[in-house]
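Peer 1: Residue numbers (this note's numbering), protein chains in the order written: chain A, -19 to 194; chain B, 23 to 371.
Wrong hints could be hidden among the right ones.
Claimed, not checked - Each computed DSSO-like pair below joins lysine-lysine, with the alpha-carbon atoms no more than 30 angstroms apart:
no.: 1; chain 1: A; residue 1: K50; chain 2: B; residue 2: K64
no.: 2; chain 1: B; residue 1: K269; chain 2: A; residue 2: K78
no.: 3; chain 1: B; residue 1: K185; chain 2: B; residue 2: K54
no.: 4; chain 1: A; residue 1: K139; chain 2: A; residue 2: K152
no.: 5; chain 1: B; residue 1: K54; chain 2: B; residue 2: K115
no.: 6; chain 1: B; residue 1: K64; chain 2: B; residue 2: K185
no.: 7; chain 1: B; residue 1: K95; chain 2: B; residue 2: K315
no.: 8; chain 1: A; residue 1: K78; chain 2: A; residue 2: K114
no.: 9; chain 1: B; residue 1: K186; chain 2: A; residue 2: K50
The hints are simulated quantities; they were obtained by calculation from the structure and are not laboratory data.
Bear in mind the structure is a predicted one, so any value in this text is a computation, not a measurement.
Listed below, chain by chain, are the residues.
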Amino acid sequence: MAENTDKMVIDGVELTGIWKEFLPSRILYEDVTTEFLDEVKKLPGGSTIVRCYQCGTCSGGCTLPDFVDKFNPRRFIDLVRRGHYDILVNENKDLVWKCVSCQRCTHRCPRGVNTQEVVRAIAKFLEDRKVFGKLTNDEAFDEIFMEEVIEDGRIDEVKIVKDFYSKTGRLKEMMSSDQIALGFKMLTSGRIKLFGGKIKDWKKVSQRLKEELQ
Amino acid sequence: MKTVLVIGGGVTGLKASSELAEMGYNVTLVEKEDYLGGQVAKHKYYKLAPDLRLAGEVIDPVIKAVENNSNIKVYKHSHVAAVSGNAPEFKAKIKNSKGESEENFGAIVVATGFEHFDPTVKQEYGYGRFKDVVTNAEVEEMLNPGGPTNGELKRPSDGETPKKIAIFQCVGSRDRQVGNPYCCRVGCVVSTKQAIEIKEKYPDSEVYVYYMDMRMFGRGWEELYGKAMEEYEIIFTRGRGAEVTLKNQQLSLRAEETIMDRPIQHSVDMIILAAGMAAGEGTIEAANVLGIKQNDYGFLEPKDDFVSPNESSKPGIFIAGADKGPMDIENCIVEGAAVAAKVASSLKN
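One chain only, chain A, in its complex shape (with noise of 0.2 angstroms):
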């Protein structure tokens, strides 16, 4: 019967009847990438990815899954390491992130990993493939906080504020009346300022920065 399988596909609907055509496949993977284990190991604080030994002692001890159900460091270093990206991707892009960096993991591991920083690499190379969609209101703020220490080298509090709600979307809600009247009251109070001061020649250290950082 065999042989004559492929002819039994009508409009491509299998009428074969044999078992696996009905399955979905349990095999994982028939092939294996490090490419990804590659790239992590060259960003910053990734290196120490290779030495993982698979014991389980950051994930057992972590801060986090009493809070965050899923989070486990073992697993995400385990997926870089065996290449599936699809599962890294679809079921933690949104856990990485969550670390709160309280080293635990770091301290305890028996292999000299550096936990939190691979984590932290790792969350930084889905980053780099844009895996995230739109940025949650945090990561719009982190954004905008980084950008404007680099730029002017402080934070003005009218500039961060307008410009978070604009990258949000919700330029309408900062010109809600409530918004309105408390700004007012801070102007008058003295607790923010219109024009923020200039920090002398920081264009260089922000060249400087931004070099750095590229």
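Model the placement of chain B on the given structure of chain A, informed by the hints.
Peer 2: This is chain B only, laid out in the frame that chain A set:
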């Protein structure tokens, strides 16, 4: 006939002494404690893996062979303070409470052995903080009918028999954090053996072993591992113990069940730390006095691991047993006999 100085009265030193004496050499055995038998005697090892035979059956004949041989002079509670000269003319100062004496020797055998790793430095396991976190050596003492609890496994905190027992593997071995990246080579089988002994004595108890790899490479070890799972229903979980805390007055351990990809929190009555082997104080002292080479972990380094495993970096000074690195009793006895042969052939030339 030349006299041989043997430093260390543990299994290796005893075997080396009795073999040399039987070949007709005079032997001086120096032991720092006031008993012979080394760690086996110190921690009252009860049964030996994998046959679960009594440790006494193995060690007592070796001790007797030394004590009954008139060619062997035993100095207990003594140590070698200084050594001068070169092979085959050594002069050694042996010190003890009664004073010191200087003797001439043709060769020196260093069999100073190991010491159990002190898990106090692994703070997350709470050894020393929680009374019910004990080491495998302490359990060995407890299980011995001649030990402090007359052979009963009891919780140090309240003297009760624990119902749920967890064993942590690889404490102080395979761990770069404490500077011991090597495998202790016996922890796996000793823990399996202790788990079986506990289950045999207290069939109602539950024993959980938290491991990274079970390295059952020795004679009959893999079979013992199978027996532990099949006959004694000991639960082996792949995941290294991460931390021990106190939750509602009960010990609570955390680890990751790596096969399930999930962390677990497990409440138990007692935790046994399978502490590994570290170079003993005696080994480090002997290395300093004799000026022989040590490796990165404090163990003694043979001249050549393959070609001359029992020769130290200095001619006329021989090394054997667990001062070279982690070793089980079976192999220590082999080492003792091997070094005796090596010493005999070198003294003949």
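Peer 1: Could you run down the list of hints and mark each one as holding or not?
Peer 2: Results of checking the hints against the structure:
{"no.": "1", "hint": "A:K50 to B:K64", "in the structure": "46 angstroms, violated"}
{"no.": "2", "hint": "B:K269 to A:K78", "in the structure": "26 angstroms, holds"}
{"no.": "3", "hint": "B:K185 to B:K54", "in the structure": "39 angstroms, violated"}
{"no.": "4", "hint": "A:K139 to A:K152", "in the structure": "16 angstroms, holds"}
{"no.": "5", "hint": "B:K54 to B:K115", "in the structure": "14 angstroms, holds"}
{"no.": "6", "hint": "B:K64 to B:K185", "in the structure": "27 angstroms, holds"}
{"no.": "7", "hint": "B:K95 to B:K315", "in the structure": "28 angstroms, holds"}
{"no.": "8", "hint": "A:K78 to A:K114", "in the structure": "17 angstroms, holds"}
{"no.": "9", "hint": "B:K186 to A:K50", "in the structure": "27 angstroms, holds"}
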